[in-house]
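Please build the complete structure, drawing on both the sequences and the hints.
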Amino acid sequence: MPLIDTFTDSYEHVGVEDKKTAHRNGSWHRTFSALAVNPLDWTVLLQKKAPGRYSFDRPDYADITVGGHYHAGETIPDGIREAREELGLPLNYSDLHPIGLRQTAITLAPDYIEREFQHWHLIPLAIDLDEIPLDDAEVAGLVEIGIDDAITLAAGDTTTIPARYATRTPTGLTHSEGSLAATDLIPNYLTLDQLYLRLFIAARRYCAGERTHLFW
Numbered sequence: 001m002p003l004i005d006t007f008t009d010s011y012e013h014v015g016v017e018d019k020k021t022a023h024r025n026g027s028w029h030r031t032f033s034a035l036a037v038n039p040l041d042w043t044v045l046l047q048k049k050a051p052g053r054y055s056f057d058r059p060d061y062a063d064i065t066v067g068g069h070y071h072a073g074e075t076i077p078d079g080i081r082e083a084r085e086e087l088g089l090p091l092n093y094s095d096l097h098p099i100g101l102r103q104t105a106i107t108l109a110p111d112y113i114e115r116e117f118q119h120w121h122l123i124p125l126a127i128d129l130d131e132i133p134l135d136d137a138e139v140a141g142l143v144e145i146g147i148d149d150a151i152t153l154a155a156g157d158t159t160t161i162p163a164r165y166a167t168r169t170p171t172g173l174t175h176s177e178g179s180l181a182a183t184d185l186i187p188n189y190l191t192l193d194q195l196y197l198r199l200f201i202a203a204r205r206y207c208a209g210e211r212t213h214l215f216w
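Read left to right, the sequence shown gives residues 1 to 216 (our numbering).
If a hint is listed, it holds; no wrong ones were tucked in.
Taking lysine-lysine pairs in the DSBU-like style, the calculated list, with each CA pair at most 35 angstroms apart, reads:
{"#": "1", "residue 1": "K49", "residue 2": "K19"}
{"#": "2", "residue 1": "K48", "residue 2": "K19"}
{"#": "3", "residue 1": "K49", "residue 2": "K20"}
{"#": "4", "residue 1": "K20", "residue 2": "K48"}
With beta-carbon atoms standing in for the labels, derived distance ranges:
{"#": "5", "residue 1": "P59", "residue 2": "E12", "range": "28 to 38 angstroms"}
{"#": "6", "residue 1": "G15", "residue 2": "A155", "range": "36 to 46 angstroms"}
{"#": "7", "residue 1": "L173", "residue 2": "T107", "range": "31 to 41 angstroms"}
{"#": "8", "residue 1": "L3", "residue 2": "A126", "range": "28 to 38 angstroms"}
{"#": "9", "residue 1": "P90", "residue 2": "T152", "range": "26 to 36 angstroms"}
{"#": "10", "residue 1": "D78", "residue 2": "M1", "range": "12 to 22 angstroms"}
{"#": "11", "residue 1": "N25", "residue 2": "H175", "range": "39 to 49 angstroms"}
{"#": "12", "residue 1": "R211", "residue 2": "P170", "range": "35 to 45 angstroms"}
{"#": "13", "residue 1": "T158", "residue 2": "E12", "range": "42 to 52 angstroms"}
The set of hints was computed from the structure by calculation and includes no laboratory data. Every residue, glycine too, gets a C-beta built ideally from N, C-alpha and C.
Next up, the structure:
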């Protein structure tokens with residue numbers, strides 16, 4: 001179990017714990033998070049986690065593209081490790097567009113208290129879905145959706161939108177057309193602080209040429 005840095009609720013470093021202990025104790029820690037956006041096609045990518053990644057039952061939601069914990073001693077740019085691992089692409093931190101810090105706290109299970117400082121980024125990826133290797137075994141697949149469709153879905157103006165899927169199989173990745181429903185999205189990200197909606201709007205602003213004050 002990797003060690004992670006722990007903090008006070010005002011983001012002052014206080015020590016180091018293993019990740020499982022930090023979640024059990026509800027210790028504040030930091031994570032790297034990113035939404036991949038294709039500025040040519042005006043699409044975004046969501047991630048499907050492989051089963052059994054959590055100690056509690058969790059439906060097969062379409063999560064944000066990349067997310068993971070910083071290891072103890074890592075700096076903010078070191079978080080690019082998560083993007084490289086999960087997407088299988090040779091990315092550099094300079095390729096990313098930082099969009100702010102989110103402080104969040106929620107109890108997901110009696111032994112899984114999530115208190116995080118989430119460092120959020122956009123990952124501009126002007127490549128097609130079938131060009132993403134998706135090497136990490138913890139990722140079961142990706143879902144590609146149009147930004148305007150994504151905003152409509154997250155805002156509650158529709159219940160389903162068109163989607164393209166890259167899905168891991170025993171013989172490799174398969175690609176298919178389908179749809180994505182609001183019920184496929186993480187409920188708290190839809191309702192509590194409308195994280196999906198805010199990120200999708202930031203992605204649309206990025207595609208429209210805005211580069212400053214994308215604080216979603």
